[in-house]
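Protein chains: 2
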Amino acid sequence: MAMAEFGFTLHATDGGARRGTVTTGRGDIATPAFMPVGTAGTVKGLYLDQVKGAGADIILGNTYHLMLRPGAERIDRLGGLHGFIGWDGPILTDSGGFQVMSLSALRQMSEKGVTFKSHVDGAIHEMSPERSIEIQGLLGSDIQMQLDECVALPTDAETMKAAMELSLRWAERCRVAFGEQPGKAMFGIVQGGDDEKLRVQSAEALKAMDLKGYSIGGLAVGEPQEVMLAMLDVVCPILPAHKPRYLMGVGTPQDLLRSVARGVDMFDCVMPTRSGRHGLAFTRRGRVNLKNARHAEDHRPLDDEMNCPASRTYSRAYLHHLIRSGEMLGMMLLSWHNTYYYQWLMAEMRRAIEQRRFADFSAETEAMWEAGDIAAL
Amino acid sequence: MAMAEFGFTLHATDGGARRGTVTTGRGDIATPAFMPVGTAGTVKGLYLDQVKGAGADIILGNTYHLMLRPGAERIDRLGGLHGFIGWDGPILTDSGGFQVMSLSALRQMSEKGVTFKSHVDGAIHEMSPERSIEIQGLLGSDIQMQLDECVALPTDAETMKAAMELSLRWAERCRVAFGEQPGKAMFGIVQGGDDEKLRVQSAEALKAMDLKGYSIGGLAVGEPQEVMLAMLDVVCPILPAHKPRYLMGVGTPQDLLRSVARGVDMFDCVMPTRSGRHGLAFTRRGRVNLKNARHAEDHRPLDDEMNCPASRTYSRAYLHHLIRSGEMLGMMLLSWHNTYYYQWLMAEMRRAIEQRRFADFSAETEAMWEAGDIAAL
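So the sequence lines, in the order shown, correspond to chains G and A.
With the working numbering applied, the first sequence closes on residue 480, and no number is skipped along the way.
With the working numbering applied, the second sequence closes on residue 480, and no number is skipped along the way.
Keep in mind that a hint or two might mislead.
Which copy is meant is left open, because identical chains are indistinguishable; a pair holds if it fits in one copy or across any two.
Below, in silico cross-link-like pairs of lysine-lysine (DSS-like), each with a Cα-Cα straight-line distance of 30 Å or less [what the hints assert, rightly or not]:
1) Lys310 x Lys300
2) Lys346 x Lys220
3) Lys394 x Lys220
4) Lys155 x Lys215
5) Lys310 x Lys264
6) Lys215 x Lys310
7) Lys215 x Lys264
Everything labelled a hint here was simulated from the structure, so no lab data went into it.
With the hints as extra help, turn the sequences into a complete structure.
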């Protein structure tokens, strides 16, 4: 059987919300999809069997982390990221640009690319758009991202405009560097901060490049949710309906629900695992802080309607004890539960879109979050 | 069916080595047995399914940790330690005495008991022999330990003698406090440091109390291995053949092998999990430090003859990367592998005793450790 081509099929829409399938050479992705983040080659605190069992079709790897340690060429020699970590489904990688901004020291931008100092060992690295695509190829990434310039908000209009325009030129260079790769894709990234006009220019220019998918970057970086949603309202209608749309680094369950309503297909965020490590669970009834003393003698599970051992088998009292004691198992269980809950929420959204009841589903879901956790014992 | 009585059956001996079964109300324990340590209600970094799957019949809980957090009465209200953590096999608890010595501040000993300050919140606690047994009962422990006085080595002969004698008086008080509990047992603890005469006195006096089992304490606290083995050579022949013998807090794989040869039936130690968290694996070919650069591009697993995913599914290169990056998954996998290896080693020892080839097995095992790891790629 020939390798499947990269593609996107739209099965149903309901208002702005879209139910689709992204096809890759390594398997299909049911959308709307949430991609667990395997930062440095591991979804923190989880076995990949648990990630797959939770329902994830695709995971994400961070180019910045992996190029610094263990190194892209080394991963290539070890069978690519799929072989290295033991995941046979699709993998999406970012370009490294965002984390160069947020984690490295001594960043220097030029038309050619970015020079930065590793936060791991202080070594100086250069990354051009072409090198970013080369690295993502060495990693064996199925869905690759263009290199873009990410600027911290707030910033002045000129800086934002210049970064957006540089990102467009880099998108074209990445498109050429990527070429045609069976079963794989390279996405362009819409930039422009919180400036509607810049966002429109960015989206229109990328659309004209006829890329295989479109990411929306530079959001969920501290701005209010309504600013992010306003940008989606501007950008999504411009993007072609038959290409997948990926909102990078987002977000809370509510962010996901409201962004799907506006036409986003794919998401990634460290929130389920990072919050889990800090004792915070996301549930059908909103956020539950397991550090809270109210759970100390609560024999009930987090949510016995979730089909995940972490959610239904362990008591809140035990989770409370583990988190309070700083035990790894507490972090493992809450990361697992949260990963499961995020996948469950996406599956429910997909079903609601198929049934054309997404607005009702959203209202019910938000009301249940608002009503809050079960009463204390 | 009536609950099984606590008991010990000796199936075979080979030299000093013994192959037996400890029977408890919560299930049988094949001996020689290694008991993974669930310090604060969790075997660090492992799911209990993994502990059971590795072959462990019994795990250990630490009275000191659990009485301080979450508290013995609280655990009792939450279904005992078995219900709280989700383990339905036998559980052994220590008395708390050893960790009062090693972890708490402001320890004050008297005939009545010990007063100490919690390392968690600074609260003052009193623990008498009777309270230790009460706490272990609240935890629901199947095999309980007498409270003993543990003195740090080296110490003078008078201090050692006084501590040993106090421990004997406390053994009697614990025996009375424990009474008769169907399916459960309370073990006395042989003390006396590295003094053969004191060890003999302690063992003889405890034997006269006709307890259900005997622990050997105060060893593996920094003394050379030959001192520990010399004490076993003195103590084991005194202890009754039809009662189980438990060497507390021991040890390396070699410690286990050499102690089983001298007639020890049960062990516990944090070494498999603690070493695993620090990147050290115990294997059939000796110790393997996964931090070492030689593993950086080694695609081979730790040991593909071990029937454990952590040992056979993940490459050394990936384990090396995870440990170097401080990722939880690295600690989880090496703790799992080590726990599996320890259980595998005990099972092999049990088989060798049944086949009356324990001396040959020991020689082959030590030779293989000595020969060391597979050659670097």
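Violations among the numbered hints
Numbers 2 and 4 - these are the hints that the structure violates, sorted from lowest upward.
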